[in-house]
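Undergrad: The chain contents come next:
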Amino acid sequence: MRIDDVLFEHLAKLSKLKFSAKEKSKIKSELEQMLDFIRQVQEVDTEGVEPLIHLNPDGKLREDVVKVLSTKEEVLKNAPDANEDYFQVPKVLNSK
Amino acid sequence: MKTPDGYEIIIGLEIHIRLLTKSKLFVADENQFGASANANVSFITTGHPGVLPVINKEAVKMAAKMGIATNCTVQQYNYFDRKHYCYPDLPKGFQTTQDNQPICINGYLIIDGKKININRIHMEEDAGKSIHDLHPEKSMIDLNRAGTPLLELVSEPDIRSADEAADFFNLIRQTAMYINICDGNMQEGSMRCDANISIRKKGDEHFNNRVEVKNLNSVRFLKRAIEFEVKRQHTLMENGEETEQETRGYDPVKDITIMQRDKEMAHDYRYFPEPDLGPVIITDTLMNEIRSEISILPQQLEALLKKEYKLSDYDAQLITTEKPIADYYLSMLETVKSPKRAANWLNTNVREWLNDNQAGIESFPIEPGRLAELVNLIEDNSLSHHIADRQIFPEMLKNQNAELSLLIKALNLQEESSDEELKSIMEALITQFPDKFEAYQKGRKGLLGFFVGQVMRKLPESDPKQVNTYIQKYLNKEIK
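Line order of the protein sequences matches chains X and L. Read in order, the letters of the first sequence correspond to residues 1 to 96 in our numbering. Read in order, the letters of the second sequence correspond to residues 1 to 480 in our numbering.
What the hints contain is simulated information worked out from the structure, not anything from laboratory work. We treat Cβ as the ideally placed atom computed from N, Cα and C, and that holds for glycine. Hints should not be assumed to be uniformly reliable.
[As the list claims (entries may be wrong)] Cβ pair distances, simulated, as ranges: (1) L:K115 / X:H10: 37 to 43 angstroms; (2) L:Y108 / X:K26: 21 to 27 angstroms; (3) L:Y108 / X:S20: 40 to 46 angstroms; (4) L:G240 / X:V66: 54 to 60 angstroms; (5) L:S36 / X:V65: 17 to 23 angstroms; (6) X:K91 / L:E362: 40 to 46 angstroms; (7) L:E227 / X:S29: 42 to 48 angstroms; (8) L:K129 / X:S29: 37 to 43 angstroms; (9) L:S36 / X:K91: 18 to 24 angstroms; (10) L:Q76 / X:V66: 26 to 32 angstroms; (11) L:G50 / X:K26: 24 to 30 angstroms.
[To be verified] Capping the alpha-carbon separation at 20 angstroms, the derived lysine to aspartate or glutamate pairs in EDC-like fashion look like this: (12) L:K423 / L:E438; (13) X:K16 / L:D167; (14) X:K18 / L:D268; (15) X:K60 / L:E124; (16) X:K18 / X:E30; (17) L:K92 / X:D81; (18) L:K57 / X:D81; (19) L:K57 / X:D64; (20) L:K22 / X:D64; (21) L:K201 / L:E242; (22) X:K91 / L:D194; (23) L:K22 / L:E156; (24) X:K16 / L:E137; (25) L:K129 / X:D45; (26) L:K129 / X:D81; (27) L:K138 / X:D81; (28) L:K92 / X:E74; (29) X:K60 / L:E289; (30) L:K214 / L:E137.
In isolation and in its complexed conformation, chain L is listed as follows (with noise of 0.2 angstroms):
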């Protein structure tokens, strides 16, 4: 998409990252997505009175894991506040969430060159679900998700364009994945997006009014929200009226944002300390135990594997995208001798198997260290790439056990000759049998059985497919 001429895009992004803890954020009910309605819920999650809400360490531990991750200060001192407003999901009438004293703040990425600041990660609770189309007149609560533990990580309004925008959302959601603090998982909502959206005319200092278009569950569908929103602000601003400020919805099958909530309804969410927690202190022990936990981020793994595996842009960015993967391509490094050949393989031959089953590399049947064992046989030229690609990785992917000397074995495998020992045989050959090849020439294509036969005479371990196309060239001419 292009910016309108003469036009800045402005956007900001709240992002919420579902965290992979095993109990609630403040009580020992299971974080489970996928239960059976209200499994997971006790009285504490149901916001009984007089129950004891304690807060989860490894959430705490998690949140200032993204922190150190996206450059921020970790507050080693921060505190929970309620957030009120009134639904059915939400039992206890308040959200509890970080307003005043969030656990990181003022941090950045820099994404090819470009700064984008992030002003907070806070952590807070999920609601529960409301399921409205069970029951002609009463909607259905279901609390499984009540009280399991979010971050919201806020972006400074830095980023210029939809694309800007799908970079920023992915990287951050790398590195909640690098850093095993979400699975990422953009169907089951493991991660949400709002987007800040705004114009202006370029040199403008102020903002206009901004949109913020709520619960983006994909990366298309950002873009598409930003590039509808810039569209329709763009015609608003030609036809000299002010964009409201108020909150939309993305409506994918249209394509376009619809208003949700406009700014008569803003909310009054009366905010206060939580009084039933005790503040969050992270001790200098305890922070150096979160960063001891935290392994290579994924644009360090990048540079990494450019600067000393000497992989291509191309395949050290698409190695580095999914967490996974990326572990798998460290495996192979074990023992793999070519690290450019590795990649090749990975992002070709294990790429096309993960598309065509549409599946992760979790499931993919061959071992890394398999895999890098093959790779290694045709690094050593004990195999031919073809061989390697066309027999023996489909065979490795139909028996995951069997050790792969012996599958070769089995395989009974047919070497390809190189053209160049087949054309010193054949020059042998027509230098011996001058009269049969001229007579070939004259007519006689049935001498092409002769000069087969003497050639795998001479090449018993040959393909004779191979050889006998290698020679029907030869003979007409088509080889020099």
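The following block holds chain X by itself, in its conformation from the complex (with noise of 0.2 angstroms):
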């Protein structure tokens, strides 16, 4: 299956990710070989079989209790920015 230029552009935009030329030849490209191999995984005929959703199915539940697995100054250390207590990105306005 072909990626053309709309849906690579789409695809990106959702990912907030720009390319350069030579990167976006060369994703598109990959994604291409993905979709073969899914294209090819659907061949297989799979009539009367349940979808398999969950690897784990034995649905176990935990109990509701507060631990501290990890602290403030762990998690903010492993952060690319971080300002005081906050994690620091660049200036987001309203594009949820």
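With the hints as a guide, bring the two chains together.
TA: Here you go:
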């Protein structure tokens, strides 16, 4: 399956990513390979086969107990950028 | 607001309910409002690779309770999906929510005889918070709220006016508070609502484009936003224009809605089942446990108060509106002799204190049992309502622990005498002292003191002021 420019730009926009022309042609061909693989999978006759949604279907639930798993310092240390108690990111406004 | 002539208003609500679990939906981080930024954030909340999220049992129970309370079918097998969008306060790049198989489906509520259907209730995690005004070029992210559990309840487009929307929202809020799954605090955002609004010509079968007004955080704003949208869409239709299907926000200062996102930018969320979580399986045993934990619901309680305790519509409604007040009343009922009198005290004296102090009943200083005791004394005619109201109640507010009988003794209360008692004494006095009575009539007003003295001698416990006023009226022939 071909990934045309319109679809590519749509996916890039959804992911909030920008690509150079070189990156773009590389990624397009990778995406096409993935889709070809999926198409092959889709050729299998699955008539009457229940979809496998969960690999571990036991439905285990967790008791509602609070535990401190990592500290604020540890968590912020791993952030690309932080300021006092906050994660710091480029200014974003209302594009949710 | 009046529906424009020849039109019909179509409203559906999406209500977000923040659950009162101790920990987050998929991780043991604390679920707490108002903590210092990023205090309740672990590597699972930040969405680091390789972590293992596990579903919170309590959140599942709460969701099922809400479903049962709103006549839904609880799907004992349901699961989570990923909803993809990119925003810095959504650390994983997707929200874990329920799209394909929500926990509850096909419910309804009946309000004033009208059925409003509920499409679904699903569980989902909240996002973090972005703060844009701390830095000129940067946004600050606080992930405390990220991953906290929400329910989203989606109604069918069965609502036909702003008032109906408000009633529906209020009953959902009441219900969530009665089953203890949400604190109902609108100021802190514990409940938020999106309204889908459109209008159509009466008799039309099809729906016109609808506008979604997002993030309404009070019932008043919900009503105002609907009223504004109906007016705006009505004007468009009257001018032969079509309403755009778009997302709008409500500006409470200007009292208008503003376009936020048009349909060109409509989202493509690429939902698929969340592979890092197992399915939610609610066993029959768990279902029974959930059912057993639901106590009385607001509409049931209101009906009960009217039927069993003969309260008026007004009293029953006022008492059941807020769960804590209903609980206070139910505690009073354990010992009070007159439910009606108890309701009066709660809806006047107590409510007045709550209003004056801008406080909730949790901070009201008189325990329900003590108030019941006071109400019983009035019921037994041991106290007049007047004295209970003016003297003892204020004293009880001040002395929270003093025993009521001691409090009354300490006040050295002067009992009000009944008018009939006073009247018969006066009649006897006039027969005994006809000359003094005549002299008073002729202008010797100083003789008032003589009569008051005589009466006080006979009724030493009575309130002199009251006796004085009564006798003056009597002598002036203002009393027949």
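Undergrad: Which hint numbers does the structure go against, in order from smallest to largest?
TA: Of the numbered hints, 2, 3, 7, 13, 18, 22, 23, 25, 30 do not hold.
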